[in-house]
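Chains X, B and F, in that order, give the protein sequences.
In case it helps, my numbering puts the first sequence at residues 1 to 300.
In case it helps, my numbering puts the second sequence at residues 1001 to 1930.
In case it helps, my numbering puts the third sequence at residues 2001 to 2310.
In short, the hints are calculated from the structure, not lab data.
One or more hints might be untrue.
[What the hints assert, rightly or not] Straight-line C-alpha distance at most 20 Å; calculated EDC-like pairs for lysine to aspartate or glutamate:
no.: 1; chain 1: B; residue 1: K1504; chain 2: B; residue 2: D1538
no.: 2; chain 1: B; residue 1: K1046; chain 2: X; residue 2: E204
no.: 3; chain 1: F; residue 1: K2101; chain 2: X; residue 2: E223
no.: 4; chain 1: B; residue 1: K1217; chain 2: B; residue 2: D1203
no.: 5; chain 1: X; residue 1: K274; chain 2: F; residue 2: D2172
no.: 6; chain 1: X; residue 1: K274; chain 2: F; residue 2: E2229
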Amino acid sequence: MTISEKAVTARPAGRDSEAPRVGPSLLERVVGPFRRGEPPEPRQATGFYTDTTVCIGCKACEVACKQWNQLPADGFEWTGNSYDNTGELSATSWRHVKFVEQLGGDGTEVAHPDRWLMMSDVCKHCVAAPCQHACPTGAIIHNEFGNVYIQPDICNGCAYCIAACPFGVITRATLDGHAHKCTLCYDRQRDGLVPACAKACPTESIQFGPIEELRERARQRVEVLHQRGVNDAYLYGDVPGASYSELNSFYLLVDRPSVYGLPEEPFNPWLAMKGDYVRAVLALLVSIAVLLAALFLQGR
Amino acid sequence: MPGLGASFGRGAATNYQQDLAHSDCVLFMGSNMAEAHPVAFRWPMKAKSQGATLIHVDPRFTRTSALCDVYVGIRSGSDIAFLGGLVNYVLTHDRWFKEYVLHYTNAATIVKEGFRDTEDLDGLFSGYHGNGRTGHYHAMEGGWGYAGSPGSEPEVGGDGSPIYQMHRQALGMHGHSLDAGPKAHPGQRQSMTICQEADPPWDPTLGHPHCVFQILKRHFARYTPEMVSEVCGCTPEELVRVAELLCSNSGRERTSAVVYALGWTQHTTGVQMIRTAAILQLLLGNMGRPGGGIMAMRGHSTIQGSTDIATLYDSLPGYLPQPTADEAHERLQSYVEQEAHCSGYWANFREFIVSLLKAWYGDAATSENDFGFSWIPRPDGDYSHLPYFVRMLNDGVKGYLLFGQNPAGGSPNARLHRAALRKLDWLVVADWFQIESSVFWKDDPQGPPPSDIKTEVFFLPAAAAQEKDGSLTNTQRMLQWHDKALDPLGDSRSDAWYLYNLGKRLKQLYAGSTDPRDQPLLNLTWDYEFDEPPRLPDGSLSRIEGEPDIEKVLMEINGYRLDQMDPRTSRPRLLSGFSELKDDGTTACGCWIYSGVYPEPGRNRARDRKRTANPIQPDWGYAWPHNRRILYNRASADPEGRPWSDRKKLVWWDAAQRRWIGPDEPDFEPEKPPDYRPPAGAMGMDAIAGDHPFIMKPDGVGWLFAPGSIRDGPLPTHYEPVESPVENLIYPDQSTNPTVRFFEGSLNRVDHTPTSTYPVVATTYRLTEHYLSGPMSRFNSWLNELQPEMFVELSPELAAERGIEHGGWLTVESARGRIEARAMVTRRLRPRRIEGQIVHQIGLPFHWAFAGEVVGANANDLTSLVADPNVSMHEVKAFACQVYPGRRDGAEPKPTVPPAPWPTRERTPDTPDAAQPEGLFRAPGGEAER
Amino acid sequence: MNAGMNLESAPHGMPTGYAGQAATKPPNWHGYVVLDALLNNLSTGLFLVAGIAELVRPAAFSGLARVAYPIALLFLIGDLVCLVLDLGDPLRFHHMLRVWKPNSPMSLGTWCLTAYAAFLTGLTLVSLWPDSGGGLEWLRRLLILLGLVPAAGAAVYKGVLFSTTAQPGWRDARWLGGYFSCSALGAGTGQLLLLAILTGRPEATAALRLALFLILVLLLVALVLLLAELRESLSRVHRAGYLAIIGAVTIFVGVLLPLGLLALGAPRALVAAVLLAIAGAGAVRYEIVRLPHLLVEASGRREPLARAKS
Ligand SMILES: Nc1nc2c(c(=O)[nH]1)N[C@H]1C(S)=C(S)[C@@H](COP(=O)(O)OP(=O)(O)OC[C@H]3O[C@@H](n4cnc5c(=O)[nH]c(N)nc54)[C@H](O)[C@@H]3O)O[C@H]1N2
Ligand SMILES: Nc1nc2c(c(=O)[nH]1)N[C@H]1C(S)=C(S)[C@@H](COP(=O)(O)OP(=O)(O)OC[C@H]3O[C@@H](n4cnc5c(=O)[nH]c(N)nc54)[C@H](O)[C@@H]3O)O[C@H]1N2
Ligand code: SF4
Ligand code: SF4
Ligand code: SF4
Ligand code: SF4
Ligand code: SF4
Ligand SMILES: [Mo]
C-alpha cells in the first residue's frame, strides 16, 4: 500500500484549509532570482561524525528529521530488507537507517561473530561537492557553516545534481519538481541549535560539531576500538582520497563501504571534465578540418 | 513484581537506569532494551564505552544483541534452566561472595524439618494439592517456613503472621491477582518466619543439611551446563562463558547488573525466573550496590505509578493489601493484626492504613467508626484483568469503563476479549483514537455483523499528556511532573476531568441518602477545585471548566498533619515524609511510599529538574521511598559499614558523625550503627540488626529461600510453558508449573505440553517503531512507513522445511486461531536442538490489528489466556503453533483512517520564509525570495 | 514490493543488504533529453557547417546556407522546448541565467545555447530580409562569425555533461563528448547535403558528399571508442542478442551503410545515407540516456521515483 499523490496533497477537513495561495507577481518571479543578498559571514565549519558501532537502529533520527522539516511519509511499503523500510535517501527522506544482517549458519560462514550492522545514512556534505559543481542555477551553495545547502527558492529541478552525486543522496520531489536533501538543519544551526537528528540520537551515534573536533574524536575512537580488538574499524571520508574530497559528514565503519551501500572509492566527476572537453573540442576541430578539406578539394 | 518483592522486600527495580553506566557487566535477559527502551539504552552503552561487557540472552538476535559483546540464543521459556545453570556454576565453583552472602542473605537460616524440595518429590514441593497440572500449595503443611516458626494454628488471624502479608505485599507489587479469596490458600495464612521470639536458628558454617545454603546447593545441582544446553538449546560453553563473565565482574571491586522485562514476566513461571535472578545477584553480592541490582524495565509511562497507587484491584495505595470479604478483614484491628509485620518496616502498618483512610474519608473517618475501614469495598474473588474478562464473556458484566487500554487488540487471546466486549450492554471508551476496542462492533473482520451486537459504545475523547498536569512514575520509581502545555482539542478532556466530574455527579445523585451502602461515596473527600482559575504557560486562561487541580491530589498523596495548621496556607501542614505518619488519625496520607514528594507549600519535588555534581542526581525528580535511588544501599558497605571498595562506594557509616552518609539517601535508619543488635523481643525496626540491609524483610536479609511468600514454591524450578513441544527434562514427572490456572473453553483452547499438533515455539514482542497494540503508533504515518506491515520472523531452515519464501505470505496457527502475515526469513532466528530433537522458533510482533492507518493480523489472536498463580500473568512469550506457506483465509482488513496528508502545506504565519519548515515544498513556479 | 533487495541472491531471498547495489540515483532524464541531444546536434551542426561553408565558399554555399539557417533555428527552438519541459519546474528556466558557472557543463551549455540562439535568430531574420544580398551582407558575415563560437560550445558541452556525472556508464565514457561533437558535424553536413540535393546544387552536393564521407569515417572511430568504453556496462543490462542489435543499428545502419550509399553516389542513395546516419545518431542517444536507469535497476535497487515519493 502506498500513498497516492492525491492522498498526500489532500487535506482532511478541519486541518489546514484549502485557501488558494496567491503566487508572487510575474515580475517578481522574473527578477526575484537575480537579486543577491549579502552573503553571511563564514562561521566555523560544522558536520557529522556517525559512529555506526553504537547505532541501535531506532530510527529516531529519521523521525526527528521528518518532524522538524515537516516532510511527508513515503508510503507504507514493506521491503523485507531486514528492518529497512525506508529504502533510500530521497527528496522526502533525508535520513535513512540501513540494516545489514551478517549472521552465519546453514552453510554460509561469516568471518566475524554474528553481526547486525546499522548505519544512519545522510548527505555527506562533501567539501568539494559534485552536486554543487553541477548546479547551473547556483541553488546549491556551501553555506557559512561549510554545509552543502540547496536554496529551495532557486532550484529549478534540472536534476543535474542528482546525476552528479556519487552517493545518490538527492532526488526531485514530484510535488514541487525541486531537488531536496539534508540541509544539515541550516535553520537550527543559525539559531544555535543542534540538528534534529543528532539531538534525537540516544546513543550518540550521530555526533554534530565543529568538523575538526569531530575528526579528532573519531580517530581516537578508532584507536580505542582497535585496542579492544575491533580491528576492522576505520573512518570513511575523514580525509581527502585520491579521487574525492573529505566529507563533512563522515563515518566510522567496520566493513567494506559497499556493504553499507557506499561507493568503495567515490570519484569526483569533475576530475575528468577537462580531459573530456579536450577530446570533444579535438573531435570537433578535426571534423571541421575534414569539412574544410572537402570543401576545398571538391568541385573547384 | 513479587519475584523482587519476595526476595528483597520491594517489588520494584532496585537501581536506576543511569546507574547501568556504572556496571562492569550487564546481563540483558528477557529484555530487548535497545528496542523497547532505546533512550535508556544510552546508559549501558556508556558502560560499554568504558569497557563493560554487555550480554544478551534471547531467543532472537535483536537490535540489543547487535550492540552486546556476547549473545546467547535460547528457546523461549527455558530461562530458569539457564539461570539455574548460572546459580549452580556459582555454587559449585565457589564463586559466591562469602561475606555478603553470610551476613546479607538467609543462606545460614535453617528451614523446617518438614520441608521437602523438588529434588525429593520429583518436581513438586511439599504441601501440594492438585492434579499436577493445576492446583495450589499449602505452604504451612509443606513446612516452607524457617525452623522454629509457629506451627499450624487455628484459621483465625491474630498472629501477626508476616508470611501472609509478605505474600500479599509481594502480590501487590505487581498486583493483578488475589486468587479466589484467601481461603484458597489456608496454608499461607500461617507464620513462616520467626516472630517476636529470637532470630530463627541459623548455622554460620552453612553446613547444616537443612540450612538454606545446603538446600539451595541440592536444588540447583541438576542444572549442569550439559543439562542447560539440552533444555535451552544453547551450548554448554555459552553458559560457562556467561557465568565466568558474571563471576569475574562481581565482588568487592566490581558489580554486574541484570536487566529484564517481559521476556521473563510473561510466562507461567515468570515470577520464578525473576526469583532465580535475585538468588544469583544475592550470591554474587550485587544487590544494593552501584552498577549492580536488578533493573525491571517497565512498560507504559507510569505503569510503575499505577501499581504504586494501586489501580490494581487487590492492593490499596502503597501496596497495602486490599481487605477482602473475609471475617479477619471485617474490623480494622483484626485486619492490621493480620497484615502488619512484627519486625521490619511493615510493623508501621497501622499508621499507613489509618492515614490512608483519613485521606479518603476526612473528618468522617473517626476512631469510633474504625476510620471508615468498613467503607472500603471488599472483593470476593479474582477481579484481575484476565479473570474479569472471562466473567464478562459469561455475561457476568453489564457495563464497562475502558480508560487507556485496548484489550480488543493488545490483550492475550484478543479474539476472546472481543467476544467478551460484545456481551456488554454498554461500553465507555476514553481514548485518543477510535481503537479496536471502540470499533470492534463494526470493523472486526472476524466479528458478527453490527446488527447482531447489542453493546452500546460511548466514545470519550481523551486529552494527551501534553494537555494536562500530572506526574509519571518511571521504571526507577521516580516521579516526574509534567505541566499542561495547552488545552485539549475540542471536546476532549483529561481522564481526571471525566472521573472527577463523574464523582461529583454521583455524590449529587446520592446526596442525603442514609442508606449505609451509599456512605462510602458520600463520605469520600472530593475537593480538588483550583483556588483560582487555571492558566496556561503563556499566561492565558484555560478554556476548560471543571478541571481538577491535580497538584492538590499530589498533596493529598504526600499527606498532611491534620492537627497542625500551616500559617502560609492556613491548611493542614504537609508531611515531610512517611516517618511522620501516626496511627491515631492525626495524619492523612494517600500513599505512604510517596510521602515526602510535596514536603511544603509550593515545593513539588516531582517537578525538580536540577543537575548537581552528585552523580545520583537527587534533585532530578523524586524517587520513592524518600528519594532513595538505589534500594537496600546499606549493602553497598560491608557488615562493619565500610565501603566494599573505593570503586563501588555509595553509602557508608561515618563513625565521627555516627550516621550513614554518601551520595545516595541511605535506605536504612540513618543513625543505626552497623554493630547494633536487636534486644530480645524487639519489635518493628528495632528488630532489624545494624548489618541487615533488607529492612522491608522481617529478618532484614535477602531471601535466597522465600519461605512461603510465593505461591509456586520457595525456590525456582524449571517447568515447561503450558504449551511446549518438549517435555521437562529436568523433572520428567512434572512438565509444567503445577499451580497454573486455566480458563479453557471453545474460545480459549490450550494444547497442553507436550504438544505434537503445534511443534513450533512462538513468541511475541515489540518493535521500536510501534507501540503496543498500535493505537499510539498506527495512526502516525511517520512511524507506519518505518514498519508498515505485520510480519513473522523465522529461520531459513524452517522456511526451507515448509517451503516459505522470504517476503511472501505465511499462515500461523495455534489452538486459538490462525493469522496470515509476511514472512521475514532471517538467521536472527535459529532452530535449536532440544532433547536431541530440532525445535523451531518463530517470532511475532504484536503491534497490528484492524483499526488505524495501517492494519494487519493480530498476534494476540493466537495467544492464550492462562494465569500464573502469583500475578495472573498470561504466557504470550512462549506458546505452541504451526506454520504453513501462503494464505488460507485471505482476510484483509482495510485501514479505518486514510493516510495522513502532507504534514503542512501552509506557510507558518508571521514567519519569514527562511524560517519556514524546509519540507514545506513550494508549488511549481513558486515564489522566489532572498 | 521488495524494493532494495534482490530475492535471487540469497537462500529463500533473505535480506541481502546493499552490497552490489548502485549507490547513485539516475537523474529524471528520459525522452525529452534524448530528443534534446538529437535536436541540439542537428541545429548546431547545421549552423556550423552552413556557416563555415558560406564563409569559405560564399559563391557556392551562401544560397544554400540561407535556407539552412531557418531550419537550424526551428530545430533549436524544438531543442529549447525540450530543455524547458524537462525541468522539474519549467517556469524557473530563467534561473539558469542567474549565474555564469563555466565549471558546470549545464551552465556553460545554457549560456552557449542562449548566445547561439540570439545570433541565429538575428542571422535568420537578416537572411530572410528581402535584398540582404546588398548592404546587410557584412552584418550576416558578422553574425555568422559571432554565432560559430557559442554554436560550437553548444555542440561540445552535451556529451561532456553526461560524462561529467557519477552515473554508471556515463562516468566511464571519456569519448562521449568527442562522439557528440563529431556526430553534430556529421548531422550538419548531412542535412546540408540533403538541402543541396533537394535544391539541385550539384557542386555543393559533391563537396558535401565527400565531407560527409570523411566525417562518417571519423565518427566511426569515435563511436567505436565510445562503445568500447560502454561495452561492459551495456552487457550488464542487455542480453547478447540485443547488444548485437545495438551494434548493428549504431555502427552498420548508422555509419557503414551510409558510407556505402555515399560511395554509390546516386541522389536517392545519398538521401538514404543521410537519413540512416541521423537515425543511427538517434539510436545512440536513446541507448545512452537510458543506460544509467537500466544499470541502477539491474543492480537490485529500484528507481527512487518508482516508489511513491511524495
Ligand atoms: N518501541 C516500544 N517500546 C516499548 C513498548 C512498545 O510497545 N514499543 N512497550 C513498553 C511496554 S508496555 C513494556 S512492558 C516494555 C517491554 O519491554 P521488553 O520486555 O524488552 O519488550 P518485548 O519485546 O516484549 O520482549 C523482550 C524480549 O524478550 C524476548 N523473549 C521472548 N520470550 C523470551 C523468553 O522466554 N526468554 C527470554 N530470555 N527472552 C524472551 C523477545 O524476543 C524480546 O526480544 O517495553 C516498553 N517500551
Ligand atoms: N502478545 C503480546 N501481548 C501483549 C504484550 C506482549 O508482549 N505480547 N505486552 C503486554 C503489555 S506489557 C502491555 S503493557 C499491554 C498493553 O496493552 P494496552 O494497555 O491495551 O496498551 P495499548 O494497546 O497501547 O492501549 C493503550 C491505549 O491508551 C490510549 N491512551 C494513551 N494515552 C492516554 C491517556 O492519557 N488517556 C486515555 N484515556 N487513553 C490514553 C492509547 O491511545 C491506546 O489506545 O499489552 C500486553 N499485550
Ligand atoms: S553527498 Fe551528494 S548531495 Fe551531498 S554534498 Fe556530496 S554530492 Fe552533494
Ligand atoms: S536540480 Fe536544482 S539544485 Fe539540482 S542542480 Fe538543478 S537547479 Fe541545482
Ligand atoms: S541535519 Fe537536519 S535535515 Fe539533515 S538529516 Fe538531520 S535533521 Fe534532517
Ligand atoms: S537515532 Fe542514532 S541510534 Fe537511532 S538509528 Fe539514528 S543513528 Fe542509530
Ligand atoms: S518513548 Fe519515551 S520512554 Fe520510551 S524510550 Fe522514548 S523517551 Fe523513553
Ligand atoms: Mo507493559
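The hints, checked one at a time:
1. Taking the CA atoms of K1504(B) and D1538(B), the gap is about 30 Å. The hint is violated against a cut of 20 Å.
2. A hinted pair counts as satisfied when its Cα atoms are at most 20 Å apart, and K1046(B) with E204(X) qualifies at roughly 10 Å.
3. About 43 Å separates the Cα atoms of K2101(F) and E223(X), which puts this hinted pair outside 20 Å; it is violated.
4. About 15 Å separates the Cα atoms of K1217(B) and D1203(B), which keeps this hinted pair within 20 Å; it holds.
5. Of the supplied pair hints, the one linking K274(X) and D2172(F) holds, its CA atoms being roughly 14 Å apart against a limit of 20 Å.
6. Between K274(X) and E2229(F) the CA atoms are separated by roughly 18 Å; this keeps the pair inside 20 Å, and the hint holds.
Hints 1 and 3, counting from the list given before, are not met by this structure.
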